[in-house]
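Chains A and B, in that order, give the protein sequences.
Residues 1 to 240, numbered by our numbering, are exactly what the first sequence covers, in order.
Residues 1 to 240, numbered by our numbering, are exactly what the second sequence covers, in order.
Heads up, a few of these hints could be off.
[To be verified] Under the rule of at most 30 Å between Cα atoms (straight-line distance), these lysine-lysine pairs were calculated in the DSS-like manner:
hint, chain 1, residue 1, chain 2, residue 2
1, A, Lys61, B, Lys210
2, A, Lys156, B, Lys61
3, A, Lys210, B, Lys56
4, A, Lys107, B, Lys185
5, A, Lys30, B, Lys204
6, A, Lys84, A, Lys236
7, A, Lys56, B, Lys101
8, A, Lys30, B, Lys30
9, B, Lys84, A, Lys236
10, B, Lys61, A, Lys101
11, B, Lys204, A, Lys107
12, A, Lys61, B, Lys101
13, B, Lys236, A, Lys107
14, A, Lys236, B, Lys101
15, A, Lys56, B, Lys84
16, A, Lys212, B, Lys56
17, B, Lys236, A, Lys84
18, A, Lys101, B, Lys84
19, A, Lys56, B, Lys61
20, A, Lys204, B, Lys107
Hints are computed from structural coordinates only; laboratory data are not their basis.
Nothing here was measured: the structure is a model prediction, and the numbers come from that model.
There are 2 protein chains.
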Amino acid sequence: MRPRFVLFGDSITQGSFSPNGGWGASLANKYCRQADVVLRGYSGYNTRWALFLLAKNFPEKSTHPPYLVTVFFGANDAVLLDSKDNSKHVPLEEYKSNLLKIVSHIKASNNAAHIILITPPPVSEEHLQIRAWENYGVPLSEPPSRRNETTEMYAKACIEASKEANVAIIDLWSSMQEQPGWQTKYLSDGLHLTPDGNSFVFEKLLEVLKAKGLCSEAMDFDFINFPQIDANDPLKSFIF
Amino acid sequence: MRPRFVLFGDSITQGSFSPNGGWGASLANKYCRQADVVLRGYSGYNTRWALFLLAKNFPEKSTHPPYLVTVFFGANDAVLLDSKDNSKHVPLEEYKSNLLKIVSHIKASNNAAHIILITPPPVSEEHLQIRAWENYGVPLSEPPSRRNETTEMYAKACIEASKEANVAIIDLWSSMQEQPGWQTKYLSDGLHLTPDGNSFVFEKLLEVLKAKGLCSEAMDFDFINFPQIDANDPLKSFIF
C-alpha cells in the first residue's frame, strides 16, 4: 500500500488543492506514483476544536497509519480576543499545549510517522481590514481580526512545540516576511495564500522532505515504469 | 470514513493533479470535506498492462472499497501498429474486453461502486508529429503514433463496454471535437490536456456526478462547519 501523506490543518490546508498551484495538489502531483496525499483541512478550525477530530482522522489501531503528517494550525487560534471573530481565539499556552497533544496522538497511531509542524503565515493587517470591509461592510476604522505581532507569538509557540516534541518545523511566519512585498505576493486577503504563497509553502515542504530523505527521487515508484515493461512477456514485470 | 474516489488510468490520469487546473486536483478541491480523491494514474499504460494493477489497487476484501472509480484508458491502446511506439498497441477487441474485465474486478471489490468509463480524447495528428520532431527529432514525414480515426474506434468500443457493463460514460472523443480549435484549446501536444482540456474533463465529470445524485452539495460534510460550533460548549458539536 502506498504511504499516506495527511495534510491536517485549517482553511489554508482545506484550500490546498485549489486551482493555480495549491500546495497540496502540487505535493500530490510531485508524488503521483509514490504517495497518497490525503486532505484533512477544516476551514475556521483552531487547535481546540482540532482535538475533537483526532480520534476519527488518526485512529489508534489503524492498519494503514499515516506515513507523514503536516500539522498547520494557528491562524485562527491567533484571532484577537477583542475581535468580532473571537470565538476562534485560543490562548497562547493552550495553543502550544494543543499542538503537543495533536503530535502525541499522531505518534500513538504510528510512532514512526514523520510529523511537520507549520507555523501560521504572517498576516497583513491592512489587507485584513480591506477584505472585512469589502466582504462584510466592516468599517475600516475597526481593528483587524488578527495582528501580525500576535501571530508572531503563536508562530514562536509552534516552534517551541516542535522542539519539545522533536518534530520538523516550517517557520512560515518568518520566512515569508523575508520577501519584500510579502503582504500581497504571498497573501490574497491578508491571511490566505496566493498562487505564489502556495508555491512558497510547497517549496518549503520539499526542503523538509529532502532533509528527511523523503524527496520524490528517493522513494519507491508504484509499479514498473512503462518503458521497462517487456511487451512480449509483460507478466514478468508484475511479479513481486 | 470518507468515501474514496479512485482515478484509474494512464498519463492523462497520472498528470491530473498538475498545476494549472488538473482535473483530479479540481475534483479533490470540490469535494475537499467530502471525499478522498485517490490518484492511480500510470503513464504509458494500456488496458493489457492495467489488468496487472487490479489486484493491488482494488483488493477484493478491502475494508474500505472505492465509492467511485473513473476508468480512463485507450490513448495508448490506440497507438498504431506500424508506429515506433507500437509496444503499447492493444487490438480493439482486446481493449474492449479488458475494459469489461476492469469493471468486473472493481464491482467484485464493491458491487455498489459508481464506475465511470472515460473514452480517450481525440488526437491531433499534426501536433503529435510536431511534438515527436521537437522532442525526439522524428522527421515530420514520419506518420504520427496515433490517428484520430483509429482513436475513434477505441472511443466507440469504450462506449459499447459502458453499455454492456451498465456503467456511466464520458465520451471525450466526441464532445471535445464539438469545440472549434479543440486541437490546441484542449490538447497541449496533440494528446495530453491543456488547462482548458483539464477544465473540460472536470466539468464533464461533474455533470455525470450530478446525474448520479453525487454532486458536492448533496453529499455529507466531514465534521461540523465552524460557524455552527458552540464556542462555549464545543464538545456537543462533535458527539455523533
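Going down the list of hints, with the structure as the test:
At roughly 36 Å between alpha-carbon atoms, Lys61 (chain A) and Lys210 (chain B) are farther apart than 30 Å, so this suggested pair is violated. Only pairs whose Cα atoms come within 30 Å are accepted, and Lys156 (chain A) paired with Lys61 (chain B) is rejected, the gap being roughly 47 Å. Annotation: proposed proximity of Lys210 (chain A) to Lys56 (chain B) holds, straight-line Cα distance about 28 Å (limit 30 Å). A hinted pair counts as satisfied when its Cα atoms are at most 30 Å apart, and Lys107 (chain A) with Lys185 (chain B) does not qualify at roughly 48 Å.
Of the supplied pair hints, the one linking Lys30 (chain A) and Lys204 (chain B) holds, its CA atoms being roughly 25 Å apart against a limit of 30 Å. Restraint check for Lys84 (chain A) and Lys236 (chain A): not satisfied, since their Cα atoms lie roughly 65 Å apart, outside the 30 Å limit. A distance of roughly 35 Å separates the Cα atoms of Lys56 (chain A) and Lys101 (chain B); the hinted pair therefore is violated under the 30 Å criterion. Restraint check for Lys30 (chain A) and Lys30 (chain B): satisfied, since their Cα atoms lie roughly 20 Å apart, inside the 30 Å limit.
For the hint pairing Lys84 (chain B) with Lys236 (chain A), the CA-to-CA distance comes to about 23 Å; that is within 30 Å, so the pair holds. For the hint pairing Lys61 (chain B) with Lys101 (chain A), the CA-to-CA distance comes to about 34 Å; that exceeds 30 Å, so the pair is violated. Distance hint between Lys204 (chain B) and Lys107 (chain A) is unfulfilled; the C-alpha atoms sit about 41 Å from each other, more than 30 Å. At roughly 34 Å between alpha-carbon atoms, Lys61 (chain A) and Lys101 (chain B) are farther apart than 30 Å, so this suggested pair is violated.
Of the pairs offered as hints, the one joining Lys236 (chain B) and Lys107 (chain A) holds, with about 26 Å between alpha carbons and a cut-off of 30 Å not exceeded. Restraint check: the Cα-Cα separation between Lys236 (chain A) and Lys101 (chain B) comes to about 20 Å, which is no more than 30 Å; the hinted pair holds. Between Lys56 (chain A) and Lys84 (chain B) the CA atoms are separated by roughly 51 Å; this puts the pair beyond 30 Å, and the hint is violated. The hinted pair formed by Lys212 (chain A) and Lys56 (chain B) meets the criterion: a straight-line CA distance of about 28 Å does not exceed 30 Å.
A hinted pair counts as satisfied when its Cα atoms are at most 30 Å apart, and Lys236 (chain B) with Lys84 (chain A) qualifies at roughly 23 Å. A C-alpha spacing of about 58 Å is found between Lys101 (chain A) and Lys84 (chain B), which places the hinted pair above 30 Å, so the restraint is violated. As the CA atoms of Lys56 (chain A) and Lys61 (chain B) are separated by approximately 22 Å, the hinted pair is consistent with the 30 Å bound. Simply put, Lys204 (chain A) and Lys107 (chain B) have alpha-carbon atoms about 41 Å apart, too far for the 30 Å limit, and the pair is violated.
Of the hints listed earlier, those the structure fails to meet are numbers 1, 2, 4, 6, 7, 10, 11, 12, 15, 18, 20, in rising order.
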